[in-house]
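Student: Here is what each chain is made of, one letter per residue.
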Amino acid sequence: MIKKVVSLYGFVFVLLILLNFFLPRLMPGGPIEYLEGLDSGPVLTEEQKQMMKEYYQLDDSLGEQFLNYIQGMLTFDFGNSFIHKQPVTELVFDHLPYTLWIVGISTVFSLALGILLGLWSGWFHHKHGDRRLMLTMMALGALPEFLVGMILLLIFSVYLGYFPMSGASTPFLNTDSWWGVMVDSIHHATLPIISLTIISVSSTYLLVRNETIQVIASPFIEFARMKGIKHNRLLYRHIFKNALLPIFTLMMIRIGALFTGAIFIEALFSYPGIGKLLKEAVLSRDYPLMHGLFFVFSALILFFNALADYLYPKLDPRVKGGTKVAKDL
Amino acid sequence: MKKVLYLLLAAVMVLTAACSPSSENATSTDSSGKKVVRIGWQNSGFPSPFTFDTQGPGGFLRNSFLFDTLTWKDDTGVIPWLATSWEVSSNNLEYTFTLVKDVKFHDGKPLTADDVVFSYDYFKKHSFQWNVDMTKVASVQKVSDTQVKITLAEPYAPFITEIAGKLPIIPKHIWSSVEKPLEYKDNKALIGSGPFTLKNYDSTTGNYQFAKNENYFKGKVTVDEVQYIAVENRMLSLQNNEIDGGMTFNYTEAKKVESLGYKNLKSKPTGSAVRVVFNLNHEQLKDKRLRQAIAYALDRAAIAEKITGNSEVMVGSAGVIPPDSDWYNANVKKYDYNVDQANKILDELGYTKNANGIRDGLKLSVTVNATSQEAELMKSMLAKVGIDLKIQTVDAATFSSAMAEGNFDMTITGHIGLSGDPDFLRLWFSGKAGNSLAGKGVFNNEKFQELANQQLTKLDEKERKEVINQMQDILAEELPTLVLYHRPFYYLYNAKVFDGWFNTAGGIADGIPLTDNKAAFVDYK
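Chains A and B, in that order, are what the protein sequence lines are. For my numbering, add 12 to where a residue sits in the first sequence, where the first one is 1. For my numbering, add 427 to where a residue sits in the second sequence, where the first one is 1.
If you are wondering where the hints come from, they were derived from the structure by calculation, not from laboratory data. Even for Gly, the Cβ is constructed at its ideal location relative to N, Cα and C. Some hints could be false.
Stated by the list, open to error - Sample of chain A residues at the chain B side, in silico, Cβ under 8 Å: (1) GLY42; (2) TYR67; (3) LEU295.
Pulled out of the complex, with its shape left as it was, chain A reads as follows:
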């Protein structure tokens, strides 16, 4: 089983590494064209351009560039970012914690909320509360992430002024207490976290609700009810446990999706995570930075998918497949 997972994901990963090199270069224009394409950028002379090309090794042949790239991949050294003029690895590690922090917290929130609401909604199936909740959730799920973020930003930052407009902390905050620093970062992260939670809660909710309704219909629940088990125990112990499996898979997929959702949210709130970095890298055709970031994104997503694939049979032995089960018999 492990061997299978490894070989499958290994193959996908090699494919990704190849795409990662060629896709950015298939995009029209390059880093120098980007600099020139800016409204108020500098006027470059031919000599300056030549120097830049040499420095960034853009005048190397595609083959040489590819070899450099592969070499870099193996040593986790992606080179220097063109626009940030800083090693890519350093850049990614500087920005990654911000994304992990907002994505992590909002994953927890959206799962907790989605599961709770889904269970209740399924329990009260066919009653008014359920319908209303479901319609709200479906509407929320249909909203694009930047719109959710924009509405929150308008209401809470622009009109009410409760939250800062952008950034991850108050610049040059004059405080030494860790409490002050923490309150400040929570203050800045609140709106991005709420936006990310809102956009991902509905899919969890819908799935949990569906599962709950199915599980409730099964005979063992009817039996449990007849035994006179209390309604709370029934809901959280019996129904929830049996609905957990698909939720687990979803959770893994959701985490991947949240990272991509963070790209929009971070750009909107000027939050210095890797999503914002990626947006800048793509627009400016910063090849080394794109390599580094796509590598991180695909590694993260693949890791969570692989984890799901690996753990799933342990949670539910039924999916191990016919031969294995037959052997065990």
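Please arrange chain B on chain A, whose structure you already have, making use of the hints.
Tutor: Okay, now just chain B, sitting in the frame of chain A:
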């Protein structure tokens, strides 16, 4: 399960506790009794002379806070800075600068003629990023400890502003051992002689904290700290008291913020242009009469008013140089909105209208970088004279490679720096500058090229202006480009925090129409 609920509740409480309005931020910086000015601008990179960002003028300006140049500009024009005076030889090739005595770098070491000579030589090897054409400099010699002679390879009239006023003087004792300046990011790379030192730069968020240089040679620095904060929306952040000043193009927005009690400084001269670039190799557009017809068909005053929300915005000069520049030719040909004239020319060219009023033979497209309201307005205006205009929207890099390859009919671009030295006309249209926005389709007009080279040799301003006037006449007649309007920038700021802002004559350095001039913070007059 109740536990989960309590946890959630606790989380909500922590969040709301953190939600207290941000008013405390403003006082926290003031509480120490320091005078701090916070300005909104995006991340402009590590501000050493070799690593600052060249996407926009922010990087150059941040760098100018740390390093000084031989000459500088303020509201009166070019002023002496590191040099007290300079003399030009009769053949216009030798500039002898006398330096200010007892200037010290931030690390306490003296700035001498050796550092100036070293800087010029170093920048000949490793190019400065903000467009300084070092091929114009032949050699630099030390005459005495306080005198330097710079010899040019050929007469270069804008030398004082375009090289001496832009090239930072860097300390020899630091950079002489640096082989790869682009990778040198040590704090020593920021040691200059400027009015500020960089106390803090957060590369992840792009915020800068500049602290005043207590021993500045040119005069007392009047503020303790200048911060540049990378906010997403400057006008909203200004009202939210996250910054004390910020720039916007948007007139309506500027007026609104002004009405809330903030001061508004409009850039003057405007120094910018939004313009249409024609592909001069295009089968149909290579005929100048078609370009003129398009100029007549566009109500540029209406475009300017609709987009900026301001009826006083200057309509684009056909000679490119804005009307409020000292170099503007007042007699340059104007293309007032005239549909009949446009129709007449188009008919003469043989593009006849079909039954629907559309000229079948004339299908043009305009390529724009990001959504462009100008293009939308052009489309509807050109439709009135029967021209079918297609709009293609692409991103910056695609845009500029399309221009470099000549894969366009027309494009719309924006520029700043037009009120500075008029040598940009030569750079734009000679094909020498690599900036593809300036039009890769080289403007092959012999007379223009001749004049463009001639103006470089005229050090007498009157004579030079005469030549520049002729260049504008040719541009207006041939229309390789059509300027739609010259938009002013508005700097909105809280005057209670700092009120010393001014407009630099002709724009900072090579014509940057912003207010971030370090001279505003120095008491030197």
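Student: Indicate, hint by hint, whether the structure satisfies it.
Tutor: Structure-based check of each hint:
1. Hint status for GLY42(A) relative to chain B: holds, with the closest Cβ pair at about 7 Å, below 8 Å.
2. A hinted interface residue such as TYR67(A) counts as satisfied when its beta carbon comes closer than 8 Å to some beta carbon of chain B; here the least separation is about 6 Å, so the hint holds.
3. Given the 8 Å rule on beta carbons, the hint for LEU295(A) holds: about 6 Å separates it from the nearest Cβ of chain B.
The structure agrees with every numbered hint stated previously.
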